[in-house]
Amino acid sequence: MAVQAHEAGRPHWTARRRLSAALWRRPWLRATSLLVPPLGWMVVFYLAALAVLFVSAFWSLDSFTGKITHTWTWANFDTIFSDPTYRQIALRTIWMAAAVTATDAVIAFPFAYFMARLANPRLRTVLFVLVLLPLWSSYLARIYAWRLILNHDGALNWTLGKLGLPTQGWAFTNTAMWIVFSYIWLPFMILPIYAALERIPDSYLEASRDLGAHGWTTFRRVILPLALPGIVAGSIFTFSLTLGDYITPSLVGNVDFIGNVIYRNVLGLSNNLPFAAAYAMVPLVVMALYLAAAKRLGAFEAL
Amino acid sequence: MRRIRRTHVLIAAAAAALCVPASSVGSASDDSPITKVGKTEGSLNLIAWEGYTYKQWVNPFTKKTGCRVHPKYGGSSDEMVTLMRTGQYDAVSASGDASLRLILGKDVRPIDPKLIPGYRNFIPALKSPPHNTVRGVHYGISLQWGPNTLLYNTKKVKPAPKSWSVLYSSKYKGKITVPDNPIQIADAALYLSKAKPSLGIKDPYELTQSQFTASVDLLKKQHPLVKKYWATAGDEIDLFKNGSATIGASWPYQTNTLQAAKAPVKDLIPKEGATGWADTWMISTKAKHPNCAVKWIQWVSTPKVQAQQAIYFGETPANTKACVVMNKLSKGSCAQYHANAPVAYFKSIKFWKTPTKDCGNGQSNCVDYSKWQQAWTDIKS
Numbered sequence: 000m001a002v003q004a005h006e007a008g009r010p011h012w013t014a015r016r017r018l019s020a021a022l023w024r025r026p027w028l029r030a031t032s033l034l035v036p037p038l039g040w041m042v043v044f045y046l047a048a049l050a051v052l053f054v055s056a057f058w059s060l061d062s063f064t065g066k067i068t069h070t071w072t073w074a075n076f077d078t079i080f081s082d083p084t085y086r087q088i089a090l091r092t093i094w095m096a097a098a099v100t101a102t103d104a105v106i107a108f109p110f111a112y113f114m115a116r117l118a119n120p121r122l123r124t125v126l127f128v129l130v131l132l133p134l135w136s137s138y139l140a141r142i143y144a145w146r147l148i149l150n151h152d153g154a155l156n157w158t159l160g161k162l163g164l165p166t167q168g169w170a171f172t173n174t175a176m177w178i179v180f181s182y183i184w185l186p187f188m189i190l191p192i193y194a195a196l197e198r199i200p201d202s203y204l205e206a207s208r209d210l211g212a213h214g215w216t217t218f219r220r221v222i223l224p225l226a227l228p229g230i231v232a233g234s235i236f237t238f239s240l241t242l243g244d245y246i247t248p249s250l251v252g253n254v255d256f257i258g259n260v261i262y263r264n265v266l267g268l269s270n271n272l273p274f275a276a277a278y279a280m281v282p283l284v285v286m287a288l289y290l291a292a293a294k295r296l297g298a299f300e301a302l
Numbered sequence: 000m001r002r003i004r005r006t007h008v009l010i011a012a013a014a015a016a017l018c019v020p021a022s023s024v025g026s027a028s029d030d031s032p033i034t035k036v037g038k039t040e041g042s043l044n045l046i047a048w049e050g051y052t053y054k055q056w057v058n059p060f061t062k063k064t065g066c067r068v069h070p071k072y073g074g075s076s077d078e079m080v081t082l083m084r085t086g087q088y089d090a091v092s093a094s095g096d097a098s099l100r101l102i103l104g105k106d107v108r109p110i111d112p113k114l115i116p117g118y119r120n121f122i123p124a125l126k127s128p129p130h131n132t133v134r135g136v137h138y139g140i141s142l143q144w145g146p147n148t149l150l151y152n153t154k155k156v157k158p159a160p161k162s163w164s165v166l167y168s169s170k171y172k173g174k175i176t177v178p179d180n181p182i183q184i185a186d187a188a189l190y191l192s193k194a195k196p197s198l199g200i201k202d203p204y205e206l207t208q209s210q211f212t213a214s215v216d217l218l219k220k221q222h223p224l225v226k227k228y229w230a231t232a233g234d235e236i237d238l239f240k241n242g243s244a245t246i247g248a249s250w251p252y253q254t255n256t257l258q259a260a261k262a263p264v265k266d267l268i269p270k271e272g273a274t275g276w277a278d279t280w281m282i283s284t285k286a287k288h289p290n291c292a293v294k295w296i297q298w299v300s301t302p303k304v305q306a307q308q309a310i311y312f313g314e315t316p317a318n319t320k321a322c323v324v325m326n327k328l329s330k331g332s333c334a335q336y337h338a339n340a341p342v343a344y345f346k347s348i349k350f351w352k353t354p355t356k357d358c359g360n361g362q363s364n365c366v367d368y369s370k371w372q373q374a375w376t377d378i379k380s
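So the sequence lines, in the order shown, correspond to chains R and P. Position 1 of the first sequence, counting from 1, maps to 0 under numbering that gives the first Met the number 0, and the rest follow consecutively. Position 166 of the second sequence, counting from 1, maps to 165 under numbering that gives the first Met the number 0, and the rest follow consecutively.
Quick caveat, the hints were computed from the structure, so don't treat them as lab data. A couple of the hints might just be wrong.
Simulated crosslink set (BS3-like; lysine-lysine; CA at most 30 Å straight-line) [to be verified]: (1) R/161 with P/240; (2) P/172 with R/161; (3) R/66 with P/287; (4) R/66 with P/105; (5) R/66 with P/356; (6) P/63 with P/287; (7) R/66 with P/379; (8) P/38 with P/63; (9) P/154 with P/219; (10) P/261 with R/161; (11) P/270 with P/161; (12) R/161 with P/157; (13) P/155 with R/161; (14) P/154 with R/161; (15) P/265 with P/201; (16) P/219 with P/155; (17) P/265 with P/54; (18) P/62 with P/113; (19) P/219 with P/270; (20) R/161 with P/170; (21) P/71 with R/66; (22) R/66 with P/370.
Whole structure, please, built from the sequences with the hints as guidance.
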């Protein structure tokens, strides 16, 4: 009987248990088998894609046949740096990303402060839902909603008219883009600032008060420095998301962003993939510099 | 575990990078002329302008031939050329500014027009037009044509405009909308050919550097006046509906849609004439369903489908027999869409074609299309 029971349990032993025993004995095997799938994914679909992008930025397009020429050339980068048009588009995109980031930081900070330190738990839950609720609806639907609001005969002008105020002509301007971008990315700024503010121990604020600091001094010298990593973390989102967007400019604006130029080079403008790849390097480099600066400010600890 | 060294990652990435370009080669192509129709393949992948594959004439086609139609709408001629080069589509409704590029790129197959019964009744100018027939070889079958019109809000724009000059004057600043399309440079050139005869512009698609620069400068001056460069017909319809724009360059399709919605708009061909499009169905060299594609071209060339599409889209059919059917479907529509207009009307329209270095007069100092595209990015920035 005992032998039979042992025999019955044996296949189980050989298959699963032996494997787990082997893994237990060899930690390196365990680590490798756990890491290979995600690392493989990263290398093939992410790093390799970036590598292809980087390499093809140095190719060129034969304008007559529309075929890619695989010879190394700096021509694409030359165009980007020497042509004022592309410089202007890049600067405009970066400038807008900075403006949106600053706006969101100013709006998000008091909101996050209220959520983290003043609101009671129930109100905090309600506010959380309100911040996250727009993210449940489609990004496109929200942009189109803003078009309806900002239009010549839209909701905003209607309201202004009823109040006897002068109407605005923001539709399809940079102002419209700035408003819509600031609205769309606001939750991504509120949440990291909230996380940073919530982590400040009450004892720090009490200590500050005990040492004779006024409310403003406490804010400036205790709260703000401790919240800064959160603000920088949020700014990574607002800045990079604005930098890479091309749908908002084409729907509510009337000028090109970096993304629009890339889009038209990929699908439309003579299928010039090498130039699109070269131009895509601009936001990549800007973001790399931004992330390096953010790391110094401790943003990654606040994520 | 040892740390994965950075060089390892780079080597792996570079190895992966080298594998990728090799995989994009392949897909058989056939550039021999199509001279007969075989058994249909049951499926058809089309690239078409929005409104060209309406169920009113697609459903009967599928019922008759068994070919299920899968349309993909192209937003611009540039996009259509790019899509066509993927080799995943059987046929395209190419406008004149795309068709030559497709022919030169060996992306489309010649076709014998004898296969298309409706072809016999086409207006003579569209039987072998230069935008789809090269050295006597037909690379496609003409479909429909129409002008790019000047659209305006009758309540806001007074007096009624007569010239394209309204789009370049500050009178309607911030109320103007024009297509987001490099071929718009030709519209500026057409206007300049009348407004500034000293430039000597004969053909708005064959511009020397100085003529080109003058046209681009005009469009740069227009930029601050423009409310929105529209990308799709629906965009422009919205702009006129909500009052953001009151005047702009348009297609008859927008006028029809807006008038059907009781918007106070009218369109016209200004005194300088107009640019226009003449579309051609072309079959891909990589078509997987060439027989269905030929059947489709036969179908859309019949008088009835020609008439249906003309009225639905607001354009002029190539088949002269469509006129009678048009009037049956909607009284007076034949005259409304100029299906019975004299040759002079057709000649007054400068049809889209791809600008090349070749000026058409033996000289090759004209500005080619890649420069047009660059200039357009420049104009809009």
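- Query: Hint numbers the structure violates, sorted upward?
  - Reply: The structure conflicts with no hint, since it agrees with every one listed earlier.
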